[in-house]
Every structure is written in C-alpha cells, then in structure tokens.
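**Student:** Each chain is listed here by its residues.
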Amino acid sequence: MRWNRLVISLLVPFCTSPARAEDSIHTAHQELPSRYEQFVEKRYRYWDALIPRQFVVQNAGNMGILSVGTGWNYAHNHLETHLLFGYIPAHQSTRGKLTMTVKENYIPWRVNIGQPQGADGSYLLRGWSIQPLTASLYVNTVYGHEFWKSQPRRYPNKYYEFMSTKFRLNIGLGQSVTWQIPHDWRRYAQNITLFYEVSSCDLYIRSKFIDHGVRLKDIIGLSVGMKLQTL
Amino acid sequence: MKKLAALVIPFVVLAACSDAFDTHPYDVDIHGQTGINARQTAIIESRFASKDTLRIAFISDTHGWYTDTKDEVDALNKRQDIDFVIHCGDLTDTGTTKEFEWSRNIIQNLRMPCVALIGNHDFLGTGNQTYGVMYGQMDFSFIASRIKFVCLNTNSTEYDYMAAVPNFDFMEQEVIADAARFDRTVVVMHAPPYSDQFNNNVCKAFRRYLDLFPGLVCCVYGHNHSDEVKDIYGDGLLFYGIDCAEHRNYRILTITPDGYEMEQAGY
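So the protein sequences, as listed, match chains S and D.
Everything in the first sequence is counted per my numbering, starting at 1492 for the first residue and increasing by one.
Everything in the second sequence is counted per my numbering, starting at 160 for the first residue and increasing by one.
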C-alpha cells in the first residue's frame, strides 16, 4: 500500500505540469471546441442523465411501512422511474426487513388548474396542475433468508413453480396534484407533488383468479406519497 | 433533520393506523384472533372430558379455495353430531399474512371448536411465523374422552431436512405426558410418510415411535389432495388421507368405547 502512495505522489507533479501548459495554449483559440472537448461534453451530458431528479417518499403499497428514494423523469415528463428503499417493521415476526423497489410510472395527462405562476394573485393560488391518472408497474424485492428468488433445490422439480417469495410484481393506479414553487420561494425543489395510489401484487391478484369469492377491497391497498422535483 | 422528520412522520402514522394500507404480503401484521390452537384445545379438553362417543370432522388443504371452504364450514355447521374439527394443514396457498387471515375468518364460523396443523404451503415466506402467532406450536396434542390427539409437523422438506421434523423427542414426551388421562391415541399430520415432504430416511423409525403410543387407533393426514385409505407400512395400521377443499369432501371419525369408524362425506 505504501508503495502505491509513493508512486502516486511522484507521478502527480509530472502529470499536472503538462496539463497546465496545455491550458494556456487552449485559451489562445477558444472558438472551436476540439473533438476531445466535444467528447468530454457528451460524456458529461450522458452521465448527467443519471443524476437523480426527484426525491420520493411513499408509504405502504406492499413495499414496507415507508419507502424513500430517488426518481428520474423523462419522455416529456410522461415517464418516471423510481428507486425506493423501504422498511417492514417486525410486527409479530422475528425481525424488521428491508425492501427495494424499482417503479415505473406512466403519466398520460397534465391539466393546469388556476393561474400560471407568472400571473397576479397570491403565490399559493398559482402554478397548480393535476395529473388525473398515473399508472404504475413495480417490482419489489425483500431482503432476508426467509425469502427465495426461485424455489431452492431441496424441492422436487416445479414444486412451487408459480412463485418467488422474494420478488413481487405490483400494479397501481392513482392521481396526483403538483404545485410549482414560486421562484423566490425555491430552496431545494422546483415543484412538489402529492399523490395517492391504489395497488395490488401478483399473489393477491392470483388469489382472486383462483377464487372469485376473494373481495377486490381485500386485495387492493392504498398508498400516499410526496415527490419533490429537485432538478 | 427536523424537516425530514416532519415529512416522514405523517406517512408512518398513516400507514400504522389503517387497514387500508398494505405494508407487505409477508409482513406478519396479524389483525384479529391469534393463539387459536391453545384456546380451542382448552375448550375441547373441558367440553369432551368424558363423552362416550366422539365424532371428529377432518378437513384439509383449503388453500385458496375460499368459496369451497365456506361451503364446507356451512355443511359442517348443519350437522348436529360433530364434536370438533381438525384441519390437517395447508390453510393458505402462498403463506401470506392476508391469506392466513382470510382462511381463519372462514374457519372461525364453525360452531364447534377447530384446531389446525401447519402444511407445507403455510411455510412460504414468513408463513411459518404467522402460523406460530395465529395458531401456536407446530407440534401439539390434546386429550378428549381419554383419547390423545397428537398433531405433528411432518413438513421436513421445508427445513431442508435440517430440523427435528418429525420431532421424535416430542413424540416420546407425548407418550409419557398425562399418561393416566388417556388410553388411546390418534396421530394427525400434514404430509404422510413416503411423501415428498416427509423425511423419508426416518419413515421406519417413525413407525416404531408410533408403536410407543398406547392404543393407537389410526393416523390421519392431508397433503395429497385425495381421499384415500392406506396401509402405508403393510402392517395393518391405517392412514386416512383427507381430500382438499376443491374436491368438496371431508371425513368423519367416530370413536366409540369399542372401536372406531371412518366415513367420507361430500358437500
């Protein structure tokens, strides 16, 4: 390890000095970006797309009592991807559990209500919009030795072939309302969205298919959340 | 930090205080009755301490067939002759907490006491923990009319054969425990010997342990989803297989001071 440090400390002055010389040359003809500069800019642009643009907090929804995570919006804000981490309290089991969720939201419409943010009137009355429908598809995974991805080898072939106890596929439908934060009030985010969602998971939907006596209200669950558009 | 807490706390409170929010299928957040087997066996033991003829209904493998199970409960409730009911396991299909609640809520409508064993499907995810809270110990016994009913967990595959299942120590214990209070025994299990769930390396040892029980009447099991009578070991000891709810039949065991009768009934 010490050797590494020595090599690095010897190399750093050698590497930095030519860079400084190059910089001075560049300032001389700045008009046209070089191929290298274009490449760098492109790289920045691509990696920039990975910076989380949203902060999301949501309860329930078969992901835990509470899930917190980041999100990315794209495709003219019609699509969103959320990466959430949730916690299931122990309740009457032996311990609490962590979950992770990848969630895809589709928002077909946005309806502006009230006045746009630029107009006169109180700040709180301006810049509202509602999303009358949001559709979500999400995969949740729960951590713990109790759960398996596909049936372990101790079982005969295709014993519990229909399922995984670890991964749950969920679907949800919901609505949301967004408020554009006025420019001079903005601190961490440009807008704030409150949403709710009604969802169910594959196992519950399957049970409804097996027996129609299972009531719809027993297999769906409510979830509410908040989303901050940070970028 | 304070701001974050102010954001987060309302959601936690919302999720905690309402049934409308689903935390997770395997959250073991049980609403309603728990510790069922202990309560039901206490009722059975006090109600049928000294009854000449005992009539027990055996049901099994209700899984996700809730409508069939409801019909089964209704059919049993219509009869006047049944003393208590034993469910031979597989109360659920995938072991989720909700499924346990759904099946419990149906079975609770029985007019007579009912105990339930754990089936292999009830182990899935956190199902075994939910069973533990909702019903109790996986190996248990009770005495009615001087007959001991020994209910055993035989789902060895769920433990990858690495647990004491079937539990020979428990069986040994049950031979001795309250020996003065019983002189006949009925053994109930979910998976029968030589099935895909039984630890088949100990099938013969299991048979030897069964012989320790005084006045062994017969054995009853579920798991196979078929109504069957088998002399598994070819030595005269009969094993009665109880059908699943989907096939809409159950069995009635009548034990008189002189012997017993096992009949099938449809609904």
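Simulated from the structure, these hints should not be mistaken for laboratory data.
Among these hints, one or two may not hold up.
[Unchecked claim] No farther apart than 27 Å at their CA atoms in a straight line, the calculated lysine-lysine pairs in the DSS-like style are these: (1) D:K363 / S:K1699; (2) S:K1708 / S:K1649; (3) S:K1708 / D:K363; (4) S:K1649 / S:K1699; (5) S:K1657 / S:K1699; (6) S:K1640 / S:K1657.
Quantities reported herein were computed from a predicted structural model and do not represent experimental measurements.
**Student:** With reference to the structure, classify each hint as holding or not holding.
**Tutor:** Outcome of the hint check:
1. D:K363 / S:K1699: Violated, because 42 Å separates the two Cα atoms, which is more than 27 Å.
2. S:K1708 / S:K1649: The hint is violated at about 31 Å.
3. S:K1708 / D:K363: With a Cα-Cα distance of about 49 Å, the restraint between S:K1708 and D:K363 is violated, given a limit of 27 Å.
4. S:K1649 / S:K1699: Given that 27 Å is the threshold and the Cα spacing comes to 22 Å, the pair holds.
5. S:K1657 / S:K1699: Measuring from Cα to Cα gives roughly 20 Å; hence the hint holds.
6. S:K1640 / S:K1657: Roughly 5 Å separates the two Cα atoms, so the pair holds.
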